[in-house]
Amino acid sequence: MPRQDLSLSLEAVATTTHSNIIFTSSAARGRIAPAIDGTYSVAEILRRLLIGSGLGAVQTAGGSFIIAADRKATVAVRRFRRPPPVASLTIKPVEPVDIVVTGSRIDTPGFEGPNPTAHIAGSDFAIGARANVAAILNDLPQFRGTISPQTSGTNTSAGMAPVDLRGLGINRTLVLLDGRRFSSDNDLNTVPTVLVKSVDIVTGGASAAWGSGAVSGVVNIVLDEGLKGGRLGAQTGISSRGDAAERRFEGAFGADFAGGRGHITIGGEYLDNDGGIPKTSRANVGRWASVAVGPGRFMLVPDVGIANAARGGLITTGVLAGKVFNRDGSLRDFRYGTVVGSQMIGGEGPSNDDMAPLVTPQRRYSALGRVSFLASDSVKVTAELRRSRMWNNYIWFGDNNRGNIFISRDNAFLPDAVRADLLAAGETGFMMGRFNADFPFPRIDFERVTTQGTLALDGTIGRDWRWSGYYSHGEYRNDLDAPGFVIGANFNQAVDAVRDPATGQAVCRIKLADPSSPCIPLNLFGEGAPSAQALRFVLGTPRQRSTTRLDIGGVSLRGEPVTLWAGAVSVAMGLEARRETVRQTVGDFDLARAFRTFNFTPMNGGFSVKEAFGEILVPLLRDRPMFDKLEVNAAARLSSYDTTGAIWSWKLGVTNEVFPGFEVRLARSRDIRSANLSELFTQSTIGYNTVIDPVKNVSIYALTNNNGNPDLRPETATSFTAGFVYSPHRLRGFRLSLDYYKIRIDHVITTISAQDLVVRCYNGNQALCGRVERDADGNIVRITTAYVNLSEYRMDGIDADLSQTFPLRVAAGPPGTITLRLRASWVDSLRVNDGVSTIEYAGSQGDSFSLGVPKWRLNASAEYASDLFGAQLRMRYISPGNFNSTVNLVNNHIAPYSYVDLLARAKIASDGRDKIEIYANVSNLFDKQPPNGSLYSPFYDVIGRYFSLGAKIAF
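Using the numbering used here, the first residue of the sequence shown is number 1, and each one after it goes up by one.
Keep in mind that a hint or two might mislead.
Said to hold, decoys possible - Derived BS3-like pairs (lysine-lysine); straight-line CA-CA distance at most 27 Å:
#1 Lys742 x Lys855
#2 Lys197 x Lys228
#3 Lys915 x Lys197
#4 Lys907 x Lys228
#5 Lys855 x Lys928
#6 Lys907 x Lys197
#7 Lys197 x Lys952
#8 Lys915 x Lys952
#9 Lys228 x Lys928
#10 Lys952 x Lys907
#11 Lys228 x Lys915
It is worth saying that the hints were derived from the structure and are not from the lab.
Sequences are here, hints too, so could you generate the full structure?
Listed below in structure tokens is the structure:
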């Protein structure tokens with residue numbers, strides 16, 4: 001709502017929310033209400049509107065709100081037992097009722113459920129100039145940036161943007177769009193931020209209300225369905241080092257039609273960010289690794305490269321070991337540093353970090369259109385279409401040879417001087433390692449397209465009942481090409497080159513036995529030696545074409561069937577059904593597992609689930625000493641999967657207003673999560689990870705396979721939350737909430753990271769030792785990390801939110817407000833038990849490929865806002881911790897970190913409805929450098945100081 005007369009704002013709230021708001025014209029006369037942007041309960045809206053007015057809002061037993069200057073004068077009114085009549089659904093589409101997810105399906109005005117809930121208004125999105133809603137949420141203390149452009153530089157999740165509440169995994173945070181599931185694997189790049197009005201965050205289990213996946217909580221994105229007029233915006237940004245340049249454009253429009261019975265909303269945005277390339281552009285990040293410094297002890301050190309490979313080729317065995325090929329094929333001594341296993345500190349050892357991305361580039365557009373129409377005074381029809389596309393093509397990671405190429409003495413390309421040295425030593429050949437920088441370096445070329453259509457009906461039955469129904473179909477296409485990977489068999493044939501006895505020309509040895517072979521001989525001796533023809537023969541393109549489909553529908557009924565001594569009983573009930581399928585095809589070479597380093601795998605499968613749910617809210621006491629408003633809320637859901645059968649989830653909660661402005665809340669729930677498509681149906685994938693082997697006391701580059709598991713059982717979780725909200729009427733603008741949470745997840749569905757798997761095997765888990773394959777000398781040659789059901793996760797901690805808002809006038813300017821806010825999250829413990837050993841991950845916060853969250857995260861801000869000018873200063877704090885608590889690092893400690901962000905904005909033109917605003921952002925104002933070795937960090941900023949400048953126009 002805009003800044004306007006108080007009476008107009010109160011009338012708008014009453015109309016939009018179907019609430020009974022009683023006030024006299026004399027009480028509201030001459031008072032101006034501030035602008036309101038966000039999603040709040042009715043009580044919270046009124047509190048914000050009345051800040052500084054000298055008025056207060058009092059709620060009656062029946063749910064009405066009375067606006068008065070003297071609270072005591074309204075006490076008698078609160079004794080009313082009759083609930084106010086519920087009006088028919090006669091509101092216009094331009095004034096919709098937002099779907100506010102509070103961990104409950106109960107939609108009675110004024111009800112705030114027992115689950116802790118945070119509301120992030122659209123006005124809070126500006127600071128930091130984040131690229132999408134996920135990046136905005138990752139600044140909050142409760143979220144972990146598990147998958148983002150910063151953490152997915154060299155994997156197939158490149159550029160995706162899901163959210164991870166509490167760091168328990170992206171699959172345990174249920175993400176909704178206006179209260180409904182959406183297609184695209186919860187990638188928030190697919191939702192145009194320009195249309196997002198607010199975000200509701202339920203920081204507690206909510207499976208009984210919203211279904212499988214809501215183990216750690218729910219994130220609901222609320223769209224601005226009531227938009228009137230248009231918005232246009234443009235933004236540009238760049239880092240202080242001249243990289244990660246960004247261009248962004250957005251637009252939205254909303255208007256009535258059919259005499260106000262219908263409304264149309266449409267919006268979209270385009271973003272192009274160059275990312276940060278390479279990793280070594282940041283000294284604290286690129287070429288850092290853990291190396292052994294003693295029995296069972298390791299150290300994070302800089303300038304780490306490969307010790308058994310070099311540009312042009314490094315001979316690793318025999319009389320010529322330690323020699324490297326120059327461009328002309330001659331040999332020279334390789335400049336070694338300090339060699340530790342297959343790694344080397346200093347020297348001229350190459351590294352993928354010299355070329356691969358620090359932060360992945362992003363290029364995308366997203367658009368959404370929605371039409372709503374009042375078919376009658378009691379039925380509203382809504383149709384929605386959403387479309388997004390994300391695509392890019394950039395350098396990925398190298399396909400190199402780590403000392404594993406055998407070169408025969410009779411190789412056709414081997415210089416005569418080298419052959420003579422081998423003959424003199426009586427050697428038939430040697431092993432060679434080669435960093436193939438002169439090959440076309442592998443790239444990732446991807447396209448992700450999402451299309452989803454939704455049809456929804458909402459209406460009323462009489463005065464006391466509301467109903468809804470919807471159906472949605474979505475398709476998410478994820479196509480990936482990765483040109484530049486070596487075809488193993490072709491490479492081996494091409495390297496084994498000899499002289500044709502008949503012609504004297506270099507040919508593949510196999511060509512002598514099979515003249516029809518297409519093999520082209522490959523010269524590896526010296527950088528630049530491989531011919532383009534040979535490279536075309538030995539290199540190929542792994543390919544994946546994947547389509548995931550979501551079909552979902554449901555009906556629900558909400559109402560107040562009966563009134564008790566303390567108020568109306570509210571109920572909600574409904575049915576839902578969902579079908580998810582995936583079909584993933586791959587190239588012929590992938591199917592034959594022909595690529596040496598990386599192969600895509602096919603996947604085909606699906607599951608269906610049918611669900612029934614019910615919920616009830618019962619007011620028990622009203623206006624009693626210490627029980628101003630005592631309510632009990634209970635919910636249950638039965639989910640029947642065609643893969644794992646039926647399973648129950650439930651919730652029981654209590655709220656009580658102990659005295660005016662002080663409410664306590666308590667909830668206990670049983671939540672569930674069934675395995676998703678990838679966890680069930682993924683076939684074996686191939687990748688490589690650097691891991692520390694505590695058995696051999698070395699750091700190695702290990703082959704890693706990952707598999708799905710169709711026999712996975714559903715996860716079950718028990719959640720408990722208890723807390724309070726304090727917002728005293730006499731201290732206007734003050735609000736404090738504090739909540740304790742405790743979560744236990746059993747039968748945890750997860751892949752154990754390669755490093756964790758090796759550590760757990762070392763700790764005595766023999767079942768996991770079967771997934772670590774070693775050669776005859778005890779060296780790790782393969783790690784298999786299939787999806788499994790681990791024993792349990794346990795987590796507990798405290799969330800707090802403190803805010804104070806008060807009016808402030810600057811000089812002769814318009815009245816404004818100052819808002820001070822502190823959000824905090826403390827994690828007491830995050831423990832993972834595999835049935836044999838328990839590992840504590842709270843305070844383990846540097847390694848991106850393991851679980852781990854800081855003990856403390858704080859987000860403090862101070863904001864001034866008026867109709868003409870605004871400024872906000874924000875500090876993000878991360879407590880000290882360890883880089884990786886599962887490994888004995890001698891420099892494991894990470895000091896406390898604080899980042900400061902600054903936003904300033906001003907309106908430079910305002911003519912009625914037409915307004916032009918310019919704004920500037922500086923993120924990481926003091927250019928705080930990340931901890932050493934924090935590549936792919938989910939918490940620490942690796943880009944550094946970043947400047948953004950933009951403009952918006954509203955008309």
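Hints versus structure:
| no. | hint | verdict |
| --- | --- | --- |
| 1 | Lys742 x Lys855 | holds (15 Å) |
| 2 | Lys197 x Lys228 | holds (13 Å) |
| 3 | Lys915 x Lys197 | holds (19 Å) |
| 4 | Lys907 x Lys228 | holds (19 Å) |
| 5 | Lys855 x Lys928 | holds (20 Å) |
| 6 | Lys907 x Lys197 | holds (20 Å) |
| 7 | Lys197 x Lys952 | holds (16 Å) |
| 8 | Lys915 x Lys952 | holds (8 Å) |
| 9 | Lys228 x Lys928 | violated (41 Å) |
| 10 | Lys952 x Lys907 | holds (9 Å) |
| 11 | Lys228 x Lys915 | holds (14 Å) |
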